[in-house]
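Student: Chains as they are written, first to last, in this note's numbering: chain A, 16 to 299; chain B, 243 to 530; chain C, 27 to 318.
Just to be clear, a hint being listed does not mean it is correct.
Cross-link-like lysine-lysine pairs, in silico, DSS-like; alpha carbons within 27 Å at most [stated by the list, open to error]:
| id | chain 1 | residue 1 | chain 2 | residue 2 |
| --- | --- | --- | --- | --- |
| 1 | C | 198 | A | 25 |
| 2 | C | 217 | A | 21 |
| 3 | B | 389 | C | 198 |
Calculated from the structure, these hints are not laboratory results. Note that the structure is a prediction, hence the values are computed from the model and not measured.
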Amino acid sequence: MTNVQKNRLKDQLFKFWGIACTLIGLVLLVIFIGGILIDGLSRIDWAFITDLPSRKAEKSGIWTPLMGSVWILVLTAIISFPISVAAGVYLEEYAKKNRLSALLEINISNLAGVPSIIYGLLGLEVFVRIMNLGASVLAGALTLSLLILPIIIVATREAIKAVPGSIRDASYALGASKWQTIWNQVLPASSGGILTGVILALSRAVGEAAPLIIVGALAYVPFAPQGPLDQFSVLPIQIFNWISRPQQGFIDNAAAAIIILLLITFIMNGIAVYFRNKWQKKLQ
Amino acid sequence: MESRFISEINGKKNYSNTMSDMMSEKTEDAKTEAPIAEKYKLQTKDVNVFYGDFQAIKDISMNIKPKSITAFIGPSGCGKSTFLRLFNRMNDYIEDFKMEGKIKIDDKNIYKDKIQLEQLRKEVGMVFQKPNPFPKSIFENVAYGLKIQGIKDKKLIADRVEKALVQADLWNEVKDNLSKSALTLSGGQQQRLCIARTLAVEPSIILMDEPTSALDPISTAKIEELIHHLKQYYTIIIVTHNMQQAARISDYTAFFYMGELIEFDKTKKIFTNPEKKRTENYITGRFG
Amino acid sequence: MRKIREFIIEKTLLSSALITVAVTVGIILVLAVEAFSFFREVSIFDFFTDTEWTPLFTKKHYGILPLLTGTLLTTFIAISVALPIGLSISIYLSEYAPRSFRKTIKPLLELLAAVPTVVYGFFALVVVTPFLQQFIPSLSGFNSLSAGIVMGIMIIPFVSSLSEDALFAVPKALREASYGMGATRLQTAFKVVVPAASSGIIVSIILAISRAIGETMIVAIAAGQQPRLTLDPTVPVETITAYIVQVSLGDVQHGSLEYKTIFAAGITLFALTFLLNTLSFQIRKKFRQKYD
Chain A
16 MTNVQKNRLK
26 DQLFKFWGIA
36 CTLIGLVLLV
46 IFIGGILIDG
56 LSRIDWAFIT
66 DLPSRKAEKS
76 GIWTPLMGSV
86 WILVLTAIIS
96 FPISVAAGVY
106 LEEYAKKNRL
116 SALLEINISN
126 LAGVPSIIYG
136 LLGLEVFVRI
146 MNLGASVLAG
156 ALTLSLLILP
166 IIIVATREAI
176 KAVPGSIRDA
186 SYALGASKWQ
196 TIWNQVLPAS
206 SGGILTGVIL
216 ALSRAVGEAA
226 PLIIVGALAY
236 VPFAPQGPLD
246 QFSVLPIQIF
256 NWISRPQQGF
266 IDNAAAAIII
276 LLLITFIMNG
286 IAVYFRNKWQ
296 KKLQ
Chain B
243 MESRFISEIN
253 GKKNYSNTMS
263 DMMSEKTEDA
273 KTEAPIAEKY
283 KLQTKDVNVF
293 YGDFQAIKDI
303 SMNIKPKSIT
313 AFIGPSGCGK
323 STFLRLFNRM
333 NDYIEDFKME
343 GKIKIDDKNI
353 YKDKIQLEQL
363 RKEVGMVFQK
373 PNPFPKSIFE
383 NVAYGLKIQG
393 IKDKKLIADR
403 VEKALVQADL
413 WNEVKDNLSK
423 SALTLSGGQQ
433 QRLCIARTLA
443 VEPSIILMDE
453 PTSALDPIST
463 AKIEELIHHL
473 KQYYTIIIVT
483 HNMQQAARIS
493 DYTAFFYMGE
503 LIEFDKTKKI
513 FTNPEKKRTE
523 NYITGRFG
Chain C
27 MRKIREFIIE
37 KTLLSSALIT
47 VAVTVGIILV
57 LAVEAFSFFR
67 EVSIFDFFTD
77 TEWTPLFTKK
87 HYGILPLLTG
97 TLLTTFIAIS
107 VALPIGLSIS
117 IYLSEYAPRS
127 FRKTIKPLLE
137 LLAAVPTVVY
147 GFFALVVVTP
157 FLQQFIPSLS
167 GFNSLSAGIV
177 MGIMIIPFVS
187 SLSEDALFAV
197 PKALREASYG
207 MGATRLQTAF
217 KVVVPAASSG
227 IIVSIILAIS
237 RAIGETMIVA
247 IAAGQQPRLT
257 LDPTVPVETI
267 TAYIVQVSLG
277 DVQHGSLEYK
287 TIFAAGITLF
297 ALTFLLNTLS
307 FQIRKKFRQK
317 YD
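Using the sequences and the accompanying hints, generate a full structural model.
Tutor: Here it is in structure tokens:
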């Protein structure tokens, strides 16, 4: 075999290897989700959704952790959205090239890489102890809000960057102030991208267990939270709790709860992708 | 129609066997193909190129003589670059690219599956519009083509690198700094390095896609001189935007318009007495 | 009037941005204060040299080494899975794949990172470990091997996505030059494109390592809760993150030494990831300048 042929063969072999690698993760995911569906699907019925947790596997439902997740989701959205979008707008539209903006930049990039469990330690000290909120939904939501702050800020900046400069010029030319231009032109034009980032960040928050465990969310709460200062559990923690039990019944429960959690995650991701595509088409 | 002016060229060239040439033109697929190989380095026959629904090249047939310089001119988007890139199958990686017709180099159809792409590209070197040295040392840039062929003999590589740099008229400027990054060179030097890089592989055809369009006039002059000098060893095809350049350096000129080959003849003829009105309009600057 | 309004708005936006600085300061302060009070009771020398970590037992040892090796072992296994696969994916997608395939497959790969980690933990414990036990009978029910492998699958998109961006950003002209000399796509990829994109690829690897070090639920579920100084991937270990979860699940008094251990462990974790993130940021900054 000549060198040329050898090189060609290697080239072809790598191509197949590349395809195999690309598909292996996805294939494993599909196999795994398939397995979970087999384990858990038969367990899912209306009662499983609406029942309170119980010491008996077959009587247990996910009502309280599900409601806990909903509370967390809503509160986290309310808290994180205005702060992170405001920060993103500042960095993209106002910040001058100086020390401060360089510092903010490094800082946000670093925060994005801080492990979620560290945010849990922060929340435990600041929200639970110092602000004396206890192991409440509010303390959990505040913690997760800080966690997803850098994600939404980055998404906001990307979205604003994608807005063509001509829109700004047109607005300024008509005598609009900076803020009027941002509020009336830039933000509406970038809303699709921002929304995508927010939904993706929230879907991450819904799947988080570690920081909430640190903050003190419980594996077992008898009732769904009624207000922001109530105790709570969330779906991922309930799943974690069930996985740790030896009985098969709880493993099945965990599989069933995972199906619900994945459903929520994938739907949120799907909505995000939908918004992104729609927005990108509009921009062009 | 194409073969008509090709035979005209031949008629004016003082090759003795013009007749057999015309004969073999007509009997393309007959046994008499062999003699053509000596006459023409590169032949295209009824070449069409499509990108999806868009037809970029329309039915072009053209024969190119060995050790000559052929210039492709025409307004942007006329297909001259696309056509040039057919000769080393550089369009192959473009999605929904489709080609019809025949292209032969040394009488071998280069679009036959049996032809090895990599082998072809060693035979047909290419220099690009913007100097594109690899972010490696000067030496590594020139040695690259040899190394990918699997040549390991260090002495041989060093010799070939030196020879290529000498040929590209760059040796004296860089011989003491071969390990310096190629990116430290000036634009003109970089382009000569890219030419050296191509020469090191020892091709027989060199394709140049507007090689001086990114350079200043002095560097351009140097490259033109170099091209002129290289003609004695290589068959050179150059795409250029600059009509003076085509007139200065080429033996033959082909004028392309909207994917068609309008006229192909000796450079002198094209620039002094073109057959076609459209060629004349372009050359005199009335459009394009 | 308008000027005042614009001024107030700008300062409001600025203060939102400054909250991010407050978060960093808060994290460092919280970790430092609690860790400081921890190190008043436990010598920093013991912390880094003692080979046992048993704060919850009667005979207490406070050596971080077993947790650190547990963390590094699972991380190493995860990277051994994610790096070759992720890099191959990125090269395949940027150098070989048709554009339409690339466009559909990228969001699907991102999905791997979107799956909640507790789900991956379940995967490791309930599927992968029993599967591996068929081949390695001595594999314990909790082990760093399954946890590491599954974590590796999870971080594939971290490696592949960023690396692919870096590869894709390499100017087309360099590829053409290489093809033009008769190089195959593979040769072009490894000799020209990968070296030119190396800083971006290194950043992606560093970020993936940082992500693996900080990952919590997978290891808490599948790797075990037994701090142990070992490099054996078949036995239960405990990572820094898993220890923090373990303590948080129990009933530990605020202000007790046990309570402070999680901050001492936390500051170690934070320091590790902070170093890696800063490194990647610096490389990325340099890399950006190169292409502008």
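Student: Next, verify each hint and record whether it holds.
Tutor: Checked hints:
1. Between residue 198 of chain C and residue 25 of chain A the CA atoms are separated by roughly 22 Å; this keeps the pair inside 27 Å, and the hint holds.
2. For the given pair, residue 217 of chain C sits about 16 Å from residue 21 of chain A by alpha-carbon distance, which is consistent with the 27 Å threshold.
3. Of the supplied pair hints, the one linking residue 389 of chain B and residue 198 of chain C holds, its CA atoms being roughly 21 Å apart against a limit of 27 Å.
Of the numbered hints listed earlier, not one is contradicted by the structure.
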